[in-house]
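Chains as they are written, first to last, in the working numbering: chain A, 653 to 1006; chain B, 653 to 1006.
Since the hints were derived computationally from the structure, they do not count as laboratory data.
Remember, predicted model here, so these are calculated numbers, not experimental data.
Heads up, a few of these hints could be off.
No copy labels: a pair is met if it fits in one copy or bridges any two.
Below are the SDA-like pairs computed for lysine to any residue, each with C-alpha atoms no more than 25 angstroms apart in a straight line [stated by the list, open to error]:
1. LYS778 x GLN655
2. LYS788 x ALA695
3. LYS778 x ARG661
4. LYS1003 x ALA695
5. LYS679 x ASP701
6. LYS658 x LEU846
7. LYS658 x PRO775
8. LYS957 x ARG976
9. LYS658 x ILE779
10. LYS778 x PRO975
11. LYS658 x MET772
12. LYS957 x VAL677
13. LYS929 x PRO939
14. LYS778 x MET921
15. LYS654 x MET772
16. LYS849 x PHE913
17. LYS849 x ARG773
18. LYS654 x GLY826
19. LYS778 x SER881
20. LYS778 x GLN794
21. LYS658 x GLU770
22. LYS658 x LYS819
23. LYS658 x SER881
24. LYS658 x TYR850
25. LYS849 x GLY932
26. LYS974 x VAL928
27. LYS1003 x GLN671
28. LYS1003 x ILE977
So the chains spell out like this:
Number of protein chains: 2
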Amino acid sequence: MKQWMKNVREVEPYVPGEQPQVRDVTKLNTNENPYPPAPGVLAAISAVDEDRLRRYPDPDCRGLIRALADYYHVGEDQVFVGVGSDDVLATAFMTFFNGNDPILFPDISYAFYEVWAEMMRIPFRKILLGEDFRLKAEDYVQPNGGIVFPNPNAPTSILEPVSFVEKIAAANPGSVVIADEAYIDFGGESALPLIQKYDNLLVTQTFSKSRALAGMRIGFAIGDPALISAMMAVRNSYNSYTMNQTALDAGIAAIEDDEYFRGRLADIMDTRADAVKRLGALGFSGPDPMANFLFVQHESVPAVKIFEALRARHIYVRYFAKPRIDNYLRITIGTPAQMERLYTALEEILKENR
Amino acid sequence: MKQWMKNVREVEPYVPGEQPQVRDVTKLNTNENPYPPAPGVLAAISAVDEDRLRRYPDPDCRGLIRALADYYHVGEDQVFVGVGSDDVLATAFMTFFNGNDPILFPDISYAFYEVWAEMMRIPFRKILLGEDFRLKAEDYVQPNGGIVFPNPNAPTSILEPVSFVEKIAAANPGSVVIADEAYIDFGGESALPLIQKYDNLLVTQTFSKSRALAGMRIGFAIGDPALISAMMAVRNSYNSYTMNQTALDAGIAAIEDDEYFRGRLADIMDTRADAVKRLGALGFSGPDPMANFLFVQHESVPAVKIFEALRARHIYVRYFAKPRIDNYLRITIGTPAQMERLYTALEEILKENR
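Next up, chain A with everything else stripped away, as it sits in the complex (with noise of 0.2 angstroms):
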C-alpha cells in the first residue's frame, strides 16, 4: 500500500448500464430515448459561437432556469440546474442530509441513493417494499433526516399517486423530502404543484429520458427558494461553472419543442403499450409500467438466462444481480423497429429454453 492511501476515501462506486463500443447493437438497457432530442437543440448547439466557448458560461444558467420556470409556472428562484439529475440529487444530498437521523429511501430504488449516502457519509436506512414492490407512506413516517424516493420508482416502473408524495411532504416539516421524478413524463402525474404548498419538498427531473438528451447531462430540481439557494450555496462552494455553453443552449431549445416532446412521449408510451401484450404473449408478466421501461420476469426461464442470450445476439437489457429482483429485466422502450428485434429474439430464446 502506497503511503499516502491512508486518508483516501473508500467508495464502492455506482456501475452504470454498460455502454457497449460495438455497432449494430439494440441498446435498450440504460432508459435513453430512442428518438432524436427535438430538432431545434443540434441547431443551437452548432450556433453556439467562439466568443462564448473561450469566456465562462453564465453561473447562475439564466437563460436555461428562465426556460425551465416558464415552462414548469414556477419563478426562477424555484429552480435548480446541474450536470444531469445526478448531479442535482448529489447536490441536493449534501445540501440537506446532514443531520444525525437516518435518511429514508427505498430498499429496491435508484441505487445511487446508497452510493451517495456512503460516500458523504450520511447515516441511512432503506425502507424495504412490499411484495409488490408498492412504496406505503406509513413507512415514511418516522424520525429521519431526510427521505427520497424515485417516482415512478426505478427499476419497477411503479408510479405513485400525488397523494402518496403528498402524505410524506405533509408528516415530515422538519425533513426535506426529494421526489426524484426522473421518468415522470412518461404518463404520471408530477408533484410539482406540491411544491407551492411543501417549502420543504424538492422535485427533481431530467433532460436525459424524456427529452432525448443523455449526452448532454441536464437536469434540475424545483422546490421553494429557500431550498434552491441552500443548493446554489453548495453548488458554488464546489464548482461554480457546471453547465457548459452547449448544455445551456441545448436545454433551452429542448424545452422550446413541446409539440415534439408531447409526440415523441405519445410514440414511446404506444410502443410500451404493444410491449406489454407482445412480452405477455411470451410469458412475460409485471408491474404496470409508467416509465420508459419494462420489469419484467418470465413464466419459466431465468432472467439471468435470457439476459445473457440476449447480449449474445447483441440485444443489451439490464439486469440486476440483487435480491428480490433477480429474476427481473429492466428492458428500455425502443423504437417499434428495435423492440421487434427483441421480441424475434426472446422468441427463439425461450424456444430454445423449452
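Given the coordinates of chain A, work out where chain B should sit on it, guided by the hints.
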C-alpha cells in the same frame, strides 16, 4: 427559520469574477483567453450527431483521455478529466484529504481551496507567503493531511521552479501533493515529469485558460495510476457522467491543434511582456508575471480607486478586498487592442488622481 433548515450544510460560497451581461465591455477580470479556441473545436462541436445527444456519453471519457495521454506522454491510466479544474480539484480534495492532520495551502492563493475545505469539513492550515509573495518549500515540511498550491500562484502570477514542487513531493510521501497548474502553459515549466517518480504527486491543469475553452468546462489531472483510480472511484460515486458529448469532442479537437495553441500562447506572452513595460511607465509594479494575468499595484493611487474608475469605463479587472493584497489589481492579458483601451483609460484615471 424553516424546520428542515436544521440539517442544511452551511457554507460560505466562492464568489467568481463578475460576468457582466452588458455589451462593449473590456473584460480583463476572469483570466479568459482573449483568442478563440482552435478552429477545429467549433467544427467538432457542430459535428455532434443526434444519436450521441440522446445517448449517455462514454463515462470513461476514453477519447479525451487518450488525446491527453498521447500529448503529455503518459499512460491513459494516469489521466483524469472533469468539468473544469474546479471539478477535478474538488474531486481530489474529496478523494485524498480525509485525514485528521490539516491540509496545507498558501494564505494568498486560489480562494476555492478554503471553500472546499470548509464545505467538506477538512481541517486546514494556511501557510503565510513571505513579503515577496514567494512560496517556501520548507514551510510544507510539517505534519499534514495533504498539500495543494497553484503554480504559478494566483493571484500573484509568481512561478516556482520544478525543484520547489519536487522538494515538497519528496518530503511528504504520506500525503497527496497537488500542483495546480492552471496557468503553467504561459511560460512555466510543468512538474508533470515528476509524476513518474513521485506516486503522491498530482498535477492538475485546465482547458479554460491556455486552450480558450472556459465555456466548455474541461480540466484534468495527471498522476500515478493509483491516484487516478481512487479519484475515478469517488467520481463514480458522485456522478458517473460528468463530461457531456460536446465537451469531450471539443477537448480532443483543442489538443490536436498544437500549432494554433503554441501560436496563441506566444501572442499572449508577447502582449504580457509589452504590458509590463507599458504599465511600468505608468507607475505600476508587481511580481514577474508567469500567468495570463498581471498582479500590480500603483505607486500612488489606491487599487480600489483604479478598479472602480475602470469599471465605470466598462473595463473589468479583478480586485480582492483581502489583507496584504488589497492594494493590487489582477489584470488578465487581453488582445493588444483591449490592452490599448486599458492603457488609455489608466492614463486618464491617473491624470484625474494626480
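Outcome of the hint check:
{"no.": "1", "hint": "LYS778 x GLN655", "result": "between (36 angstroms within a copy, 24 angstroms between copies)"}
{"no.": "2", "hint": "LYS788 x ALA695", "result": "neither (45 angstroms within a copy, 52 angstroms between copies)"}
{"no.": "3", "hint": "LYS778 x ARG661", "result": "both (23 angstroms within a copy, 23 angstroms between copies)"}
{"no.": "4", "hint": "LYS1003 x ALA695", "result": "neither (47 angstroms within a copy, 50 angstroms between copies)"}
{"no.": "5", "hint": "LYS679 x ASP701", "result": "between (34 angstroms within a copy, 17 angstroms between copies)"}
{"no.": "6", "hint": "LYS658 x LEU846", "result": "between (46 angstroms within a copy, 22 angstroms between copies)"}
{"no.": "7", "hint": "LYS658 x PRO775", "result": "both (23 angstroms within a copy, 16 angstroms between copies)"}
{"no.": "8", "hint": "LYS957 x ARG976", "result": "within (17 angstroms within a copy, 69 angstroms between copies)"}
{"no.": "9", "hint": "LYS658 x ILE779", "result": "between (33 angstroms within a copy, 23 angstroms between copies)"}
{"no.": "10", "hint": "LYS778 x PRO975", "result": "within (14 angstroms within a copy, 49 angstroms between copies)"}
{"no.": "11", "hint": "LYS658 x MET772", "result": "both (18 angstroms within a copy, 18 angstroms between copies)"}
{"no.": "12", "hint": "LYS957 x VAL677", "result": "within (19 angstroms within a copy, 64 angstroms between copies)"}
{"no.": "13", "hint": "LYS929 x PRO939", "result": "within (13 angstroms within a copy, 74 angstroms between copies)"}
{"no.": "14", "hint": "LYS778 x MET921", "result": "neither (31 angstroms within a copy, 58 angstroms between copies)"}
{"no.": "15", "hint": "LYS654 x MET772", "result": "both (24 angstroms within a copy, 24 angstroms between copies)"}
{"no.": "16", "hint": "LYS849 x PHE913", "result": "neither (28 angstroms within a copy, 54 angstroms between copies)"}
{"no.": "17", "hint": "LYS849 x ARG773", "result": "neither (31 angstroms within a copy, 34 angstroms between copies)"}
{"no.": "18", "hint": "LYS654 x GLY826", "result": "between (44 angstroms within a copy, 8 angstroms between copies)"}
{"no.": "19", "hint": "LYS778 x SER881", "result": "neither (28 angstroms within a copy, 29 angstroms between copies)"}
{"no.": "20", "hint": "LYS778 x GLN794", "result": "within (13 angstroms within a copy, 43 angstroms between copies)"}
{"no.": "21", "hint": "LYS658 x GLU770", "result": "both (18 angstroms within a copy, 21 angstroms between copies)"}
{"no.": "22", "hint": "LYS658 x LYS819", "result": "between (45 angstroms within a copy, 21 angstroms between copies)"}
{"no.": "23", "hint": "LYS658 x SER881", "result": "between (36 angstroms within a copy, 15 angstroms between copies)"}
{"no.": "24", "hint": "LYS658 x TYR850", "result": "between (44 angstroms within a copy, 16 angstroms between copies)"}
{"no.": "25", "hint": "LYS849 x GLY932", "result": "neither (41 angstroms within a copy, 61 angstroms between copies)"}
{"no.": "26", "hint": "LYS974 x VAL928", "result": "within (24 angstroms within a copy, 65 angstroms between copies)"}
{"no.": "27", "hint": "LYS1003 x GLN671", "result": "neither (29 angstroms within a copy, 64 angstroms between copies)"}
{"no.": "28", "hint": "LYS1003 x ILE977", "result": "within (24 angstroms within a copy, 77 angstroms between copies)"}
In the structure shown, a violation is registered for the earlier hints numbered 2, 4, 14, 16, 17, 19, 25 and 27, in ascending order.
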